[in-house]
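Residue numbers (our numbering), protein chains in the order written: chain R, 3 to 347; chain E, 3 to 347.
Keep in mind that the hints are not guaranteed to be accurate.
All copies of an identical chain are treated as equivalent in the list; a pair is satisfied when it fits inside any one copy or across any two copies.
Claimed, not checked - Here are the computed lysine-lysine pairs in the DSSO-like style, where the Cα-Cα straight-line distance is at most 27 Å: (1) K323 <-> K4; (2) K320 <-> K310; (3) K27 <-> K110; (4) K91 <-> K314; (5) K303 <-> K155; (6) K320 <-> K92; (7) K110 <-> K61; (8) K64 <-> K4; (9) K50 <-> K158; (10) K91 <-> K64; (11) K310 <-> K41.
Keep in mind the hints are simulated off the structure, nothing from the lab.
2 protein chains.
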Amino acid sequence: MKPVTLKDIAEQLNISITTVSKALKDYPDVSKKTKGLVKELAKTLNYKPNTFAVNLRMKESKTIGLVVPVIVHHFFSNIIKGIISQAEKKGYLVIILQSNESYELEKKQVDLLLSQRVDGILISLANGTADFSHLNGIIQQGKPLVMFDKIAKIIKCSKIIIDDRKAAYNATQHLIDIGCKRIAHFRGALLPQNSIDRFLGYKKALLDNNFPYDPSLVYICELGDNSFEEGKENARKLLKDHNDVDGIFINTDLVAIGAMTEFKKHGVKVPEDINIVGFSNWFMSSVISPTLTTIDQPGYKMGKTAFKQLYKEMKAIKNKKPLPSKIITLETALIKRESTKSEME
Amino acid sequence: MKPVTLKDIAEQLNISITTVSKALKDYPDVSKKTKGLVKELAKTLNYKPNTFAVNLRMKESKTIGLVVPVIVHHFFSNIIKGIISQAEKKGYLVIILQSNESYELEKKQVDLLLSQRVDGILISLANGTADFSHLNGIIQQGKPLVMFDKIAKIIKCSKIIIDDRKAAYNATQHLIDIGCKRIAHFRGALLPQNSIDRFLGYKKALLDNNFPYDPSLVYICELGDNSFEEGKENARKLLKDHNDVDGIFINTDLVAIGAMTEFKKHGVKVPEDINIVGFSNWFMSSVISPTLTTIDQPGYKMGKTAFKQLYKEMKAIKNKKPLPSKIITLETALIKRESTKSEME
DNA sequence: ATAAACATCGAAAACGTTTTCGAATATACC
DNA sequence: GGTATATTCGAAAACGTTTTCGATGTTTAT
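Using the sequences plus the hints, can you model the full thing?
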């Protein structure tokens with residue numbers, strides 16, 4: 003019933019706790035014979051070191067904290083999977099918390115992780131987060147912090163991102179290449195950096211091609227949740243305001259799918275009447291009809307990379323040689339599908 | 003830099019560590035005055051109890067382990083969300099591990115959680131799991147274990163499930179009600195209980211309606227991953243073997259969507275030629291074309307319920323009054339959409 | 001006045017591990 | 001035989017908290 007301790011093994015073998023501990027860790031100053039005895043008995047008794055004691059002694063828990071805005075989300079669950087699988091390889095466990103896109107909750111979750119004394123923190127910011135003192139709190143405690151996807155440029159820590167601006171530029175350029183003349187954009191909320199960058203990429207592509215930039219063609223997802231409903235809502239608005247739009251670059255696949263559903267309802271054909279490019283390459287997008295042209299965003303890889311960076315920093319801090327912050331940009335790719343016409347020669 | 007400890011507070015106030023500890027926990031045997039002083043200083047110093055020490059002393063970590071077969075999955079990520087949100091309310095953290103549908107990995111993950119000394123474990127079994135000794139290991143250690151969705155009937159622990167058989171029965175009955183005469187079934191792998199139960203529900207509905215049960219109409223997802231590809235594969239086989247099938251009850255939405263895609267490719271119309279009912283009500287199913295008739299499986303609620311049950315059992319074990327195991331069955335609902343014809347009068 | 005009750009505090013043990021440092025024994029060398 | 005060097009072990013401190021139990025001082029009741 004009671005878990006086996008070093009003491010139990012020591013008593014049965016009539017040696018000291020010290021020796022048992024050292025034997026199990028292959029210290030050079032214990033004989034082969036006693037090592038053998040100890041290891042054998044440890045195995046038969048099914049000894050498992052008490053993590054609580056180890057944590058206290060070593061001042062680390064081999065556990066990291068992860069805060070994401072949402073869990074039920076193709077992109078984020080891929081990131082989570084990437085983080086967990088990489089962490090496991092290095093012997094780390096992951097505690098996951100959700101901010102629900104709320105700054106208040108995010109702050110609370112960070113505090114929770116801090117008081118739990120995790121060895122490091124991975125975070126993707128809530129859309130509403132504009133104050134960053136809770137993040138500085140992490141750094142002040144000397145804990146490594148790595149941000150991914152939804153980042154804050156101001157904070158001095160490593161970041162794993164994609165080049166949203168470039169990806170958006172490519173998406174918009176694709177619409178231009180296939181012959182679109184009037185291109186709208188459904189953008190995300192005002193605050194998140196990637197929502198801003200995607201907008202800027204869209205705008206730059208227009209200007210580089212001598213297209214006029216028309217602010218009335220930019221629709222903001224006002225609810226801020228990048229939902230199916232927002233796509234439908236904006237599609238309705240667009241249909242009312244502008245009947246000459248023949249291409250849309252949309253912030254997120256889900257919003258794009260909402261828009262396509264609404265267009266279908268109104269008899270507007272995709273891609274014949276309107277070409278659509280989404281963003282993220284949710285699995286869903288390859289399965290709907292028409293399949294959605296989109297930007298592939300490497301969630302799994304982002305998760306892996308984020309943990310790897312955090313791991314390096316945790317190791318560095320342990321060795322009292324903190325690493326400089328690093329910004330890693332992951333490649334994206336334009337996935338051409340049925341929602342945009344094929345390229346013209 | 004160094005975190006503040008009880009000792010720091012005690013020294014600054016010239017009182018004992020004991021008194022500081024008691025003051026912070028509102029013990030009755032410390033005066034209001036000292037309580038005030040201690041609490042104030044604790045706040046200004048930003049004192050946070052050292053979780054490692056507390057865990058060691060209290061022999062509990064307020065942390066539970068969660069093992070799921072997959073993370074990137076609409077149903078499971080909903081469950082995860084439910085578990086995390088409920089756990090947070092009770093002050094528990096959740097460590098998530100993934101078995102990747104592999105028995106070996108599942109066993110390893112359970113061992114990991116056990117050696118981490120989590121206070122309890124929630125698990126949904128991998129499809130390949132047929133040996134259950136690792137689960138009995140949990141119970142033998144006196145740790146509460148609650149299984150959900152993919153369960154093993156043999157293990158004596160609480161379980162949160164849906165009535166798969168009844169749900170499958172209703173799905174099949176729906177196909178019969180709308181006039182289908184020859185109904186096929188794409189089932190999941192052979193081992194998982196819910197795959198078995200759904201098959202049995204399908205069969206019972208047929209027999210209750212005096213339909214012949216024809217084993218050649220039951221297609222097994224052989225890869226065992228319930229994927230889009232498996233849906234396409236089975237649809238191809240069905241098209242080759244049976245040209246008279248006018249309804250299919252399919253184990254999982256994703257497989258159903260794969261099948262629909264394949265049918266569309268071959269010019270077979272849904273629901274005109276073949277009616278399809280899926281299972282799980284993934285968000286995706288409400289967005290594809292045609293929208294998919296399916297069984298709604300309450301993932302979020304299942305997660306919440308699973309944690310609640312685990313919490314009760316953890317509390318009970320702490321009070322040395324272990325609770326009897328309990329099986330909780332959650333309600334499902336048939337969601338009628340476009341992939342099945344409307345009911346005949 | 002004495003005894004009983006109450007209020008307030010602190011010493012110390014315990015949780016189980018890791019690691020430093022010194023002690024003891026055995027082996028090597030001259 | 002004596003000194004130096006390996007080899008093998010263990011005592012003890014430390015990590016920071018919780019909680020038992022006794023000590024001290026103060027108030028109330030008799």
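Okay, the hints, checked on the actual structure:
{"no.": "1", "hint": "K323 <-> K4", "result": "between (41 Å within a copy, 17 Å between copies)"}
{"no.": "2", "hint": "K320 <-> K310", "result": "within (15 Å within a copy, 38 Å between copies)"}
{"no.": "3", "hint": "K27 <-> K110", "result": "between (39 Å within a copy, 21 Å between copies)"}
{"no.": "4", "hint": "K91 <-> K314", "result": "within (14 Å within a copy, 33 Å between copies)"}
{"no.": "5", "hint": "K303 <-> K155", "result": "within (21 Å within a copy, 37 Å between copies)"}
{"no.": "6", "hint": "K320 <-> K92", "result": "within (15 Å within a copy, 33 Å between copies)"}
{"no.": "7", "hint": "K110 <-> K61", "result": "both (23 Å within a copy, 25 Å between copies)"}
{"no.": "8", "hint": "K64 <-> K4", "result": "both (24 Å within a copy, 19 Å between copies)"}
{"no.": "9", "hint": "K50 <-> K158", "result": "between (39 Å within a copy, 25 Å between copies)"}
{"no.": "10", "hint": "K91 <-> K64", "result": "both (12 Å within a copy, 24 Å between copies)"}
{"no.": "11", "hint": "K310 <-> K41", "result": "neither (33 Å within a copy, 40 Å between copies)"}
Of the numbered hints given earlier, the model fails hint 11 alone.
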